[in-house]
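Residue numbers (the numbering used here), protein chains in the order written: chain W, 135 to 427; chain E, 135 to 427; chain U, 135 to 427; chain B, 135 to 427; chain P, 135 to 427; chain F, 135 to 427.
Honestly, the hints are just simulated from the structure, not real lab data.
Please read all numbers here as calculations on a predicted model, not as lab measurements.
Just so you know, not all the hints are guaranteed correct.
Label pairs and their calculated CB-CB ranges [said to hold, decoys possible]:
hint : chain 1 : residue 1 : chain 2 : residue 2 : range
1    : P       : Q288      : B       : Q194      : 56 to 64 Å
2    : W       : D334      : E       : L423      : 44 to 52 Å
3    : B       : K417      : E       : D225      : 32 to 40 Å
4    : W       : D289      : F       : K243      : 39 to 47 Å
5    : U       : D197      : E       : K243      : 54 to 62 Å
6    : E       : R329      : U       : D197      : 50 to 58 Å
7    : W       : D225      : U       : E250      : 36 to 44 Å
8    : B       : E187      : P       : Q288      : 31 to 39 Å
9    : E       : A351      : W       : Q288      : 29 to 37 Å
10   : U       : A354      : F       : D225      : 41 to 49 Å
11   : E       : K243      : B       : D383      : 14 to 22 Å
12   : F       : D383      : U       : A354      : 40 to 48 Å
13   : F       : D383      : E       : K330      : 38 to 46 Å
Straight-line distance between alpha carbons at most 27 Å, and here's what the computed DSSO-like set of lysine-lysine pairs gives [to be verified]:
hint : chain 1 : residue 1 : chain 2 : residue 2
14   : B       : K408      : B       : K426
15   : E       : K243      : B       : K257
16   : W       : K313      : E       : K243
17   : B       : K417      : P       : K330
Yeah, the Cβ is synthetic: ideal placement off N, Cα and C, and Gly gets one too.
There are 6 protein chains.
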Amino acid sequence: MADPHPGRSTYRIMDSPLPDSRLWRPGPVRTMSSSDGPPAPFTTLAVSRPAEEMVECFQQISDDQACRVVLISGAGTTFTAGIDLMDMAADILQPEGDDTARIAWNLRKLIRRYQETFSVLEKCPKPVVAAVHGACIGGGVDLITACDIRLCTQDAWFQVKEVDIGLAADVGTLQRLPKVIGSRSLVNELALTARKMYADEAKSSGLVSRVFPDQDAMMAGALQMAAEMAARSPVAVQGTKINLIYSRDHGVAEGLDYMAAWNMSMLQTQDVMKSAQGTMEKKSPKEILFSKL
Amino acid sequence: MADPHPGRSTYRIMDSPLPDSRLWRPGPVRTMSSSDGPPAPFTTLAVSRPAEEMVECFQQISDDQACRVVLISGAGTTFTAGIDLMDMAADILQPEGDDTARIAWNLRKLIRRYQETFSVLEKCPKPVVAAVHGACIGGGVDLITACDIRLCTQDAWFQVKEVDIGLAADVGTLQRLPKVIGSRSLVNELALTARKMYADEAKSSGLVSRVFPDQDAMMAGALQMAAEMAARSPVAVQGTKINLIYSRDHGVAEGLDYMAAWNMSMLQTQDVMKSAQGTMEKKSPKEILFSKL
Amino acid sequence: MADPHPGRSTYRIMDSPLPDSRLWRPGPVRTMSSSDGPPAPFTTLAVSRPAEEMVECFQQISDDQACRVVLISGAGTTFTAGIDLMDMAADILQPEGDDTARIAWNLRKLIRRYQETFSVLEKCPKPVVAAVHGACIGGGVDLITACDIRLCTQDAWFQVKEVDIGLAADVGTLQRLPKVIGSRSLVNELALTARKMYADEAKSSGLVSRVFPDQDAMMAGALQMAAEMAARSPVAVQGTKINLIYSRDHGVAEGLDYMAAWNMSMLQTQDVMKSAQGTMEKKSPKEILFSKL
Amino acid sequence: MADPHPGRSTYRIMDSPLPDSRLWRPGPVRTMSSSDGPPAPFTTLAVSRPAEEMVECFQQISDDQACRVVLISGAGTTFTAGIDLMDMAADILQPEGDDTARIAWNLRKLIRRYQETFSVLEKCPKPVVAAVHGACIGGGVDLITACDIRLCTQDAWFQVKEVDIGLAADVGTLQRLPKVIGSRSLVNELALTARKMYADEAKSSGLVSRVFPDQDAMMAGALQMAAEMAARSPVAVQGTKINLIYSRDHGVAEGLDYMAAWNMSMLQTQDVMKSAQGTMEKKSPKEILFSKL
Amino acid sequence: MADPHPGRSTYRIMDSPLPDSRLWRPGPVRTMSSSDGPPAPFTTLAVSRPAEEMVECFQQISDDQACRVVLISGAGTTFTAGIDLMDMAADILQPEGDDTARIAWNLRKLIRRYQETFSVLEKCPKPVVAAVHGACIGGGVDLITACDIRLCTQDAWFQVKEVDIGLAADVGTLQRLPKVIGSRSLVNELALTARKMYADEAKSSGLVSRVFPDQDAMMAGALQMAAEMAARSPVAVQGTKINLIYSRDHGVAEGLDYMAAWNMSMLQTQDVMKSAQGTMEKKSPKEILFSKL
Amino acid sequence: MADPHPGRSTYRIMDSPLPDSRLWRPGPVRTMSSSDGPPAPFTTLAVSRPAEEMVECFQQISDDQACRVVLISGAGTTFTAGIDLMDMAADILQPEGDDTARIAWNLRKLIRRYQETFSVLEKCPKPVVAAVHGACIGGGVDLITACDIRLCTQDAWFQVKEVDIGLAADVGTLQRLPKVIGSRSLVNELALTARKMYADEAKSSGLVSRVFPDQDAMMAGALQMAAEMAARSPVAVQGTKINLIYSRDHGVAEGLDYMAAWNMSMLQTQDVMKSAQGTMEKKSPKEILFSKL
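Chain W on its own, in the form it takes in the complex:
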């Protein structure tokens, strides 16, 4: 059967905390059950060793014009169980180098590479949604704070675990979490005491924008949200993401200046006319066909 919405497929990255895995594992492919139209095709990527594969994976996603949205979830009993202590030991506890400075040099390269593992989520111009159930610990928090939208189930909980293992979180949480939620007192409390935060506080603090009763409801909601974004002009959606991230790291005047440079070409898209016509004809965005991007 021909794909009725060739430009609207999304990637879905799943993760499974099976005993023999570390962080990521592919789950079964699920298609999107949206009430308004045939399901958009979802492609599930298997990411079993995220530190090694994420950069390449998101490079591929960024370049794939068929992909419009990315959804990251966990297929097992929990979102992510955090870093395995034995894994860490090899990297941090037995570092290479002839002296302290050379060990430091190698550790910095390691940290930068891990940081990049999560920064690719931001560099990817397509929206990335994280759907969390169960535990989201340590590297899981680094991961979701680099996503654009966070959803969770009622049984989800979050823990900035790093101080418990003797280190300051260095691959993103300390940089992004304070820009993601509105209470600095809470951010500091979480990062300095490693206490757990449950779904209600995650919602009231703004870490997640929606809480669902269970995983099925969350996945349905996440897929519907993904469908909303996938249906709209990719010029509009991806330009919005890029400028939202730019604005986070710049003052308002700087952000406006960049925005104007950006839109002086992007406003020349056919999508504006298509959208305007669609609106006048009372069409849903899902009924308008935009070129790929």
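Given the coordinates of chain W, assemble chains E, U, B, P and F onto it according to the supplied hints.
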């Protein structure tokens, strides 16, 4: 009758989504009904074509020493119905220019001019309060995020509409909304999906600081709040606004440095002595007469 | 009796609004009542004239390797009653200087010195917790926004009082409050109208991360939280604080770069191995002995 | 006679220190004597009161698509004699305002307005060349440091005069001069001692990029340089100016990011193809006709 | 024969403007003729298509612990003849994309990729020296401004050529040249008029730090300079490069803060003790053996 | 005899590389021999251990209203011989701390303290002139780049020595030298190879703004320059220094904004009127008496 509080008048800008208007329309002049003293005179400005008139209007307000606060509201059934598609068509869909670069050049000038339309709200040193009822869509969100304080009625709703018409919001929302509310997940969700946000979520997310049951209650509350600000030292109030905006776009150390340079003159105002005396004499701020600014 | 946890003591700074005091006053020494182990020794510092003593006091705390956490509370009926008008008069209302510029010069030095009084709280690498009951006014808000974590009782209230005395708050509130809570509309309202904010709004807006029914419950909670932080690796905890503050004032990429430079030495601590072993042996952090820092 | 190069005309702003003038005065219109082709039409603007007229004048220049370059020179015996003491007296020495803070408020507005007088030179996207002979004092240095290219005669001299009249230069020199020349020791010496700098030192320090024996030679050289810029693609030339100024105030990574956003539309100009064809056909840029901008 | 200085080899990248090449071409391998010791082994990399190969090439160099310095020169009659018009045509003049926005999107990706081609020179922690003879045009200027040290022969000349082909230079020159040389008037003149700059002006303006009579003398000087850097502690040399580049893009206080975080590990190197001992024993740095980095 | 110019005295800090000294040593007091008026009193401070004494010394200078300029020179055969290896050994080579992280922590505190030793030169609002003869090595370069104006004798030479002892210069040179001189190629060459730079290159590169034939001529020139600055309005001179340093670390728009906040009080000084009157009466600045600052 002589004006008993010559320095405390405020501007009130009203907007009415009448069929023949675009964004702004003058409403009837209303005076302030405050319990403690005679009503301060309100001046209502008619702004029927905001894109053309806002810059000049706020230049006038900034220079008018009689004005201490600005209140923006909608006089009709809703705050603002967003941009008219036909208006937009003329600007964006039929751009002038001999080639893509020259069209881009003209579009950038257009975007910068529209951006300035809202930035003048921030450059105006007097506090600007937005009181929203009904719909606040598209350009309405650009407008209110450039205001200092946002209030709304229980029936208000907000929509970052731009992705629906094929473009990334480019006149302020993407730059200011993330600095205005505390949940980045919510900001991204709103901007990437164009979903509506209602009053309760606007309150819990911090977009508005108060929700009122209906428009009459809101206007009473807004006028009372305006009266509070109008009664205080304009040196204190306007210096506070200027430094709050400066701090938003700078780190803490930068902000403190600027603040010290600012207050080395401003602390030499008579208003400090007047306020100190008034406090010792148990006076309300409204009983103290400050010079205009 | 030998100190069983020599590296875990904390400073506790207390404040008492007795009639003859200004801002700070020493309270009785209290020890920490933690359920899991003997109480860590608390040292109470007497700070009766904060503007003069805070810098020296926190210099001492920063250099004292025995101190791991600082807890600031008020011993009297309220957290702080704000600045005394007579005190202010001497500084601001009777400034020295032969002309306006020279008065300005001296006022700037005065402001910078007061700003430093609160900035030392941030420069101190040990976490600082503020526990607020009753009133927290003016300088009290400057103080607590420079702390890392804020707790309060149900009867607490907060007031940015400066516009009431004719000046823009210039020693920290305008710079830090907007970065501490998630609603800019609320920040502006508080600073421009000087209205009081009570405990519930302080919690929902994110100013405090926990509200306790009364002062006893709050102190118990605060001490327990302090014990949690004091029990963990000081390399991890203090590195976390330093990088959280760095991140507040920088974009994400800048923060990640600094973090990597920081941790290339800090990951070489024994604390990682000690923590990893402790975790594998199912020990609580409080059972692990870390070297002082 | 038809204009053979309709898009290449330039404005020329002249200045004459006649006794009754303050800073600016129109000189006689001069046309460009270029060896390779007919003279491009020069328009001379009369600017007799720069503080009042510069903003409007450069707004007009920015919008005039026929203008491609601006050349600023002095028609009298010297470039500019600096600010008249009597003029200054009215503004600074008799300021309006009820108290020190209100005088400060008005002075700040005055300073900002004067600053804008020179900042418009940078905001104008067309290159601005300053050709200096004789004295360039005080406001003259503010002016030329806001230009893109500086030329002078052998008899020219420059003086940052402000410390001699009891004030720190506040309309641009202290901000721009250090970014214009390569020796900070020299910048500081000039600004702190008000000593004169002559043409040779102006050249070796990089303030000017060329020194000419006399005014006639300089004007010929300036007009030829203006003709070179006027002959090239305005998309290229004006985009270059805008990005050079952006780069001055940003780090390299920021500048590259902005540049990429800029050129994603500007590379779509016909001018690239026209230039490429012209180059292959061994044409001079002056033989290629670009659309106006 | 065993390599007597295993840690001191350098890469040498050569370029040859043969008719059939574009930008880069491998030259013959040359060894270093230094008077004080046996020649350090030089490895010559062949880079015939820099836009495709530079990123990978410098990734390899960055990771190669045997490499301490990189020297880039041209093996033919000139350093680089600039971009080939036919090459450019394929990329810029026939861009892909369904509409203006999508073409812009692809052009931005292209620009970002080209920018990265030169930015890798800065990201490489080893010093990069450019030795220029003959012409250095267009992309050649982008290249050398991303190097750390620039040398040239008396017959060298430099040209920012982009305005001649209708575009603003977008892969580095406009961002780096103003930070590399001390005269902004000269930078602007070069970029806006595309005039040539010869060796003497390149030296007096600071673009190059040394001029040599001919290519042989330059290569001897460059190799000797490279040997000086290769002989010193790589912890010191590479840390110096990284912090010099950091400082370029940050204020002094920011740079000092980063420097302190950097050196808190790097000062723990054995190289300090080795260097101190060597100095006390009157050894040349070339007689001290440092571990690789 | 009464002091005829009570506000014009300057501090003079001297340094002597006697065998038993480290960096600084007091020289004999010298008074200023200026042709136009009686000598202003010079006070010579003895700074024998700069790392310990500089902060306190410049705190004292900053607060001493009688001091208007500071002149730093070497009383012995050379300006400074650099850091003593035995001194360094105690600090860097035998660091305290239980593990690598704790050693790093202590090293960072040490670096920050040394950095502050030179940063106080910038924080001091009075101009600081460095007069260099003979060698200026290592810490000497850190020192002079933190001064405002640099002069030297024909026999002076400069050396960024740190790479020779195995470390990246971490107390100021790498941060300030690139902002002080105009050639980045030269800065990098000096810092990466530790080669000496002599007076002529120091002058042509902009490191010093004047070269004198010998030390007597330099001291006469330095004292005359100091007298020029000491004679002018301290409000103007010190405000100029503060804003020049602010501008170095900020973009132009930021610098202009700060400048306007600064001068809104400083323009209200009597010094403007005194200077204006003095100018109209053809007085030299040295004949005008300004109040102290």
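Verification of the supplied hints:
A hinted range of 56 to 64 Å for the beta carbons of Q288 of chain P and Q194 of chain B is inconsistent with their spacing of about 47 Å. Against the hinted window of 44 to 52 Å, the Cβ-Cβ separation of D334 of chain W and L423 of chain E comes to about 50 Å, which satisfies the hint. Under the hint 32 to 40 Å, the C-beta atoms of K417 of chain B and D225 of chain E, about 37 Å apart, fit the expected range. Under the hint 39 to 47 Å, the C-beta atoms of D289 of chain W and K243 of chain F, about 45 Å apart, fit the expected range.
At about 57 Å, the CB distance of D197 of chain U to K243 of chain E agrees with the hint of 54 to 62 Å. Distance hint check: the CB atoms of R329 of chain E and D197 of chain U are about 53 Å apart, consistent with the given range 50 to 58 Å. About 41 Å separates the C-beta atoms of D225 of chain W and E250 of chain U, a value consistent with the hinted range of 36 to 44 Å. Under the hint 31 to 39 Å, the C-beta atoms of E187 of chain B and Q288 of chain P, about 49 Å apart, miss the expected range.
Distance hint check: the CB atoms of A351 of chain E and Q288 of chain W are about 35 Å apart, consistent with the given range 29 to 37 Å. Roughly 45 Å separates the CB atoms of A354 of chain U and D225 of chain F, a value that falls within the hinted 41 to 49 Å. A hinted range of 14 to 22 Å holds for the C-beta pair K243 of chain E and D383 of chain B, which are about 21 Å apart. Our hint of 40 to 48 Å for D383 of chain F and A354 of chain U holds, since their Cβ atoms are close to 47 Å apart.
A hinted range of 38 to 46 Å for the beta carbons of D383 of chain F and K330 of chain E is consistent with their spacing of about 45 Å. Simply put, K408 of chain B and K426 of chain B have alpha-carbon atoms about 14 Å apart, close enough for the 27 Å limit, and the pair holds. Taking the CA atoms of K243 of chain E and K257 of chain B, the gap is near 12 Å; set against the 27 Å cutoff, the hint holds. Using a Cα cut-off of 27 Å, the hinted pair K313 of chain W and K243 of chain E is violated, with the two alpha carbons roughly 31 Å apart.
A threshold of 27 Å between alpha carbons decides the hint, and for K417 of chain B with K330 of chain P the separation of about 18 Å falls inside it, so the pair holds.
Against the hints set out earlier in the document, violations occur for numbers 1, 8, 16.
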